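From first to last, the protein sequence lines stand for chains A and B.
Its first residue numbered 1, the first sequence is counted upward by one per residue in this note's numbering.
Its first residue numbered 1, the second sequence is counted upward by one per residue in this note's numbering.
Derived by calculation from the structure, the hints in this document are not laboratory data.
Check the hints yourself; a few may be wrong.
[Stated by the list, open to error] Straight-line alpha carbon distances no greater than 30 Å define the calculated BS3-like cross-link-like pairs of lysine-lysine that follow:
hint: 1; chain 1: A; residue 1: Lys318; chain 2: B; residue 2: Lys336
hint: 2; chain 1: B; residue 1: Lys336; chain 2: A; residue 2: Lys177
hint: 3; chain 1: B; residue 1: Lys284; chain 2: B; residue 2: Lys318
hint: 4; chain 1: B; residue 1: Lys66; chain 2: A; residue 2: Lys159
hint: 5; chain 1: A; residue 1: Lys66; chain 2: B; residue 2: Lys318
hint: 6; chain 1: B; residue 1: Lys159; chain 2: B; residue 2: Lys146
hint: 7; chain 1: A; residue 1: Lys146; chain 2: A; residue 2: Lys177
hint: 8; chain 1: A; residue 1: Lys284; chain 2: A; residue 2: Lys159
hint: 9; chain 1: A; residue 1: Lys81; chain 2: B; residue 2: Lys336
hint: 10; chain 1: B; residue 1: Lys177; chain 2: B; residue 2: Lys146
hint: 11; chain 1: B; residue 1: Lys318; chain 2: A; residue 2: Lys159
These numbers come from a predicted model, not from an experiment.
Number of protein chains: 2
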Amino acid sequence: MLTKTESQQRVTRLQGMLQNKGVQAALLILPIDVYYFAGTRQNAVLWIPADGLPMLLVRKSLSRAKEESPIEDIRPFPSSKEFASVFNEDQIALGMTFDAVPVQQHSFYTRALPGRSFVDISMIVREVMSVKSPFELEQLRYSAGKLASVFAEVPQFLKAGMRELDVSAEMEYRLRKAGHEGYVRMRAFNQELFFGLAVSTGGANGGFFDGPVTGKGLSSASPHGASNDEIPVNKPILLDYAGVFNGYITDMTRMFVIGTLDPELQRAFDVAIDIQEMVRQAMKPDAICEELFLAAASMAEQAGLGSCFMGMPGEQAKFVGHGVGLELDQLPVLAKGFAVPLLANQVIAVEPKFVIPGKGVIGIENTFVVTDEGGVRLSDLPDGIVFLEA
Amino acid sequence: MLTKTESQQRVTRLQGMLQNKGVQAALLILPIDVYYFAGTRQNAVLWIPADGLPMLLVRKSLSRAKEESPIEDIRPFPSSKEFASVFNEDQIALGMTFDAVPVQQHSFYTRALPGRSFVDISMIVREVMSVKSPFELEQLRYSAGKLASVFAEVPQFLKAGMRELDVSAEMEYRLRKAGHEGYVRMRAFNQELFFGLAVSTGGANGGFFDGPVTGKGLSSASPHGASNDEIPVNKPILLDYAGVFNGYITDMTRMFVIGTLDPELQRAFDVAIDIQEMVRQAMKPDAICEELFLAAASMAEQAGLGSCFMGMPGEQAKFVGHGVGLELDQLPVLAKGFAVPLLANQVIAVEPKFVIPGKGVIGIENTFVVTDEGGVRLSDLPDGIVFLEA
């Protein structure tokens, strides 16, 4: 449950940024934006003036929103006729998160609030959400711990001849029993993710996913994640899963091999570990996101693995880490073109990986907090490849 | 895999509707819209002129899109400078699905295609998708059959004292092993669903979900689906799951009781069965969607159950059935205000349910095809409440 103090702190941070941008009020309608500030994910919209108290307008369920949210001013969603009258008429320069709000919704609120205009505040809202409070860090540590505990069980069930799908089903089952909430929220348009990936050679494909590995999936309708391919011996098996506990998402990848591993792949894995450690040490406030990516790409290049770093040759992702929190794809991104400084208490999944056609996918991923001493891991599961007997 | 013939038939149906509306071309960017017409869910946009051949522009993965799609003209996504030049300059009145396209995406394409303007073609695209081909009906029958086979296994694992979450995890595990693709696509803004629901008394709550039952869920961040509540004896246990196989979604609900059932709830269940049968018989081409809902609500009213039909008193959903296909919430909706005729080969999940505060949730759901003889069920699992020994 979101406390009143925490809600107020979040609202105050947003208000400062709204004032800087000359936006008089934010109308937040994306469920996760509402949840972050109001502590409820009911069907509701949240009005946050740049100066003053927020107001939550609830379509459904009003009773549940009242139980869950520390916002004081909670009302039923007004009728079309009354809608405009519930807002302060002096506030006409409004903000909305255009990255995720559909055109129809934007048109509805534009008509419902005549004489006002909306600007895009996606980056403001996402920046506020990227810096985690002590409460949120505790939630993320819990999420990472639960996720790691399920990863630790993999040797109990992973066997050659299982389908990738069977491995994924075992992971998903254990994660759910541990309290995983299932639905993995992503903000980016066109992205979808179900739990994560269990892939072997089926991971060395291209794909729509904005990450290094998409997986073959089960059909052209769901071309991501595990496939019906059998888990082979002597090949890398990559498990990449998101933990979702109390809404908070952490991200982790570990490698497994049944039998022995091609030395070229072992070397690529060692390079991934070195890159992770370089990035971890550099993850301090004021470090420039893009520079961390470029340094990582340069290490891959020097190791002769530049063409398969972060994706299939020709389809390489241009990042090495992504913010996580209430969404899998929060700010910041350790990416090309992202020339902004890190902030203390941002939380980032760092995932150096290589996709080597014909050989497989290999790499590592852990979630870290940005601190003055560099990245601090949220869980302590060992990184090494887990070798199982064939 | 989508055949070339089937893709052309779908495109031709859309083109007829675009011509009727004076729209010169559709620019489809929502993944499932692209998939429906082009057979691939890579990161791509699809241009369908009202007269002429479609063109698929692929961001990632181009090689996979070419393998999967029967569209002839497949190209890499053009650079910003070249973008406008790849389209026929005479086509300036364009359509986009404003129900799901974010404002930022709309702005991007508006800037990239100067001198053109977009109108909303959501309802056109959704109407085309609502009428299923013989190939799609086969896919839906397969989906319903797989889903029913997992429902048939419930008596093997359902026990008192399990958490709702444990029951859900068992369902999800079996569905995944059967080939369920996991991610359940919904089109409506603000809706999220993970697999389905396993709820007992925890289902008799309000919630954000646009359906009769939301479930308590695991936290205020994920307030839907199974909770940590224990499965009790002598109470109704409702399992409502979506099957997703080769992208095609069917929807099914069955009731389970460990021990005996309150006669009032048994009577409510019998009313739900009667409503389902009434709706089934009426599901013929040209029947008016709204009238089917009103007839269903009237039967509930006559049985003295009007105030808990399709939801908590005060939070009742105003529908009794929803289209399914590549999305869980397709057209048509058997709903108040939906005064349009049914079309042959639309596929609808009919789900009369009652939410009785303090007692629980109860009802039935099956997926039917609209035919001249009324609704034809997609699977033949018996409807009756399954009683297990306490």
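Results for each hint:
Taking the CA atoms of A:Lys318 and B:Lys336, the gap is near 49 Å; set against the 30 Å cutoff, the hint is violated. A threshold of 30 Å between alpha carbons decides the hint, and for B:Lys336 with A:Lys177 the separation of about 39 Å lies outside it, so the pair is violated. Taking the CA atoms of B:Lys284 and B:Lys318, the gap is about 21 Å. The hint holds against a cut of 30 Å. Proximity of B:Lys66 to A:Lys159 is assessed by CA-CA distance (about 34 Å); at most 30 Å being required, the pair is judged violated.
With a CA separation close to 23 Å, the supplied pair A:Lys66 and B:Lys318 stays within the 30 Å bound. At roughly 23 Å between alpha-carbon atoms, B:Lys159 and B:Lys146 fall within 30 Å of each other, so this suggested pair holds. Between A:Lys146 and A:Lys177, the direct Cα distance comes to roughly 11 Å. Compliance with the 30 Å bound is thereby established for this hinted pair. Proximity of A:Lys284 to A:Lys159 is assessed by CA-CA distance (about 40 Å); at most 30 Å being required, the pair is judged violated.
With a C-alpha separation of about 21 Å, the suggested pair A:Lys81 and B:Lys336 falls inside the 30 Å cut-off, and the hint holds. Between B:Lys177 and B:Lys146, the direct Cα distance comes to roughly 11 Å. Compliance with the 30 Å bound is thereby established for this hinted pair. For the given pair, B:Lys318 sits about 49 Å from A:Lys159 by alpha-carbon distance, which is inconsistent with the 30 Å threshold.
Checked against the numbered hints given earlier, this structure breaks hints 1, 2, 4, 8 and 11; the rest are met.
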